[in-house]
Amino acid sequence: ELCKGQDFVLLALVETSPHRFQQRAVIRRSWGQNIAAKSEKENLKWQVVFVMGTASDAMTEERLVDESLQYNDILQGKFEDHREEDNLKVTLGFQWVNSTFSNGSCVPSFVLKTDDNVLVNMKVLAPWARDAHEISQNLFMGHVLRGGRPSRDQSEPRYISEAKYPRDDFPNFAQGPVYMFSLDVVIRLVKAFRAFGHMTPFPFEDVYLGLLAEYLQVIPLHDDRF
5 ELCKGQDFVL LALVETSPHR FQQRAVIRRS WGQNIAAKSE KENLKWQVVF
55 VMGTASDAMT EERLVDESLQ YNDILQGKFE DHREEDNLKV TLGFQWVNST
105 FSNGSCVPSF VLKTDDNVLV NMKVLAPWAR DAHEISQNLF MGHVLRGGRP
155 SRDQSEPRYI SEAKYPRDDF PNFAQGPVYM FSLDVVIRLV KAFRAFGHMT
205 PFPFEDVYLG LLAEYLQVIP LHDDRF
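Numbering of the sequence shown is given in this note's numbering, commencing with residue 5 and proceeding in unit increments.
By construction, these hints were calculated from the structure, which means they are not laboratory data.
We treat Cβ as the ideally placed atom computed from N, Cα and C, and that holds for glycine.
Some hints here could point you the wrong way.
Derived lysine-lysine pairs resembling DSS-like cross-links, with alpha carbons at most 27 Å apart [as the list claims (entries may be wrong)]: (1) Lys-127 <-> Lys-195; (2) Lys-168 <-> Lys-195; (3) Lys-195 <-> Lys-82.
So the derived label-pair ranges between C-beta atoms look like this [as the list claims (entries may be wrong)]: (4) Leu-225 <-> Val-30: 24 to 32 Å; (5) Asp-172 <-> Gln-37: 32 to 40 Å; (6) Arg-87 <-> Asp-135: 34 to 42 Å.
From just these sequences and the hints, can you work out the full model?
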C-alpha cells in the first residue's frame with residue numbers, strides 16, 4: 005500500500021531493466037527509501053516504483069518474482085525489455101498512475117520519471133514539490149530543448165527515418181532521462197496515447213512525450229536542475 009489513504013508529494017517512476025538488481029537495491033537504500041522512513045513532521049512523503057519489461061531468461065524472471073514479493077515496488081509490462089521500447093515503459097507507468105490515482109483519496113502531487121542510473125536529490129526536490137502549489141497543475145518540467153531536428157543520417161544514434169517521422173522538426177521537449185509532471189498532465193497524457201498509437205513504438209521517449217505535450221498544448225518548462 006503506497007500511502008495508507010494520505011496524499012504524498014512525489015511518485016518516482018524509475019525505468020529499469022530486469023537484470024539490474026543492484027541498481028534497484030542502491031536506490032532503495034538511498035534516495036528511494038520507503039515513505040514510512042520519512043519525517044512525518046516535515047510531510048515529505050515520496051514513493052518509488054520501478055518500471056520494466058520482461059526478461060529474456062527464466063532465471064531472471066524467477067528472481068524478479070522474489071524481488072517483487074519482497075518490496076512490492078515493481079511494475080512489469082508484457083513486452084520484451086530492450087532500449088527501443090523505453091516509450092512503452094513510460095506508457096505503462098503513466099497508465100498505471102492513471103488507473104491507481106485518478107479517483108483515489110491517496111494521490112501524488114507530482115510524478116517524476118527517471119532512470120535507475122540517476123541519483124535524485126530528494127532532500128532538495130521533495131521540499132520544493134511540497135511547496136510548489138502555484139505550479140501543481142498543467143506542469144511538464146525538465147531540461148527543455150528547442151528547435152531540434154530529426155537526424156536522417158543512419159550512422160547517428162538518434163537517426164529516425166522519414167517513414168517513421170515525416171516532420172522536419174521536433175517539438176519542444178524535455179530531454180531525458182529525467183522530467184517531472186503534475187498528476188493532471190499524466191492523466192491527460194494517458195488519453196493522448198490513443199491518438200498517437202500509430203507512432204508506437206517510437207524510438208525516442210523524450211521526443212514522444214514532447215509530441216504528446218504539443219498535442220495537449222502543454223508547454224514544457226525549462227529548469228536547470230534537470
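Go ahead and decide if the range 24 to 32 Å is satisfied by the Cβ distance of Leu-225 to Val-30. holds, 30 Å
Check whether the Cα positions of Lys-195 and Lys-82 lie no farther apart than 27 Å. Holds - the C-alpha atoms of Lys-82 and Lys-195 are around 20 Å apart, at most 27 Å.
Should the hint that Arg-87 and Asp-135 are 34 to 42 Å apart at their CB atoms be regarded as holding? holds, 36 Å
Assuming the hint says 32 to 40 Å, is it satisfied by the Cβ distance from Asp-172 to Gln-37 or not? violated, 46 Å
Checking one constraint from the list: CA of Lys-168 to CA of Lys-195, max 27 Å. Satisfied? Distance of about 22 Å is within 27 Å: holds.
Just to be careful, I want the Cα atoms of Lys-127 and Lys-195 compared with a cutoff of 27 Å; is the pair within it? Roughly 33 Å between the alpha carbons, so the hint for Lys-127 and Lys-195 is violated.
In terms of the numbered hints stated before, the structure departs from hints 1, 5, listed from lowest to highest.
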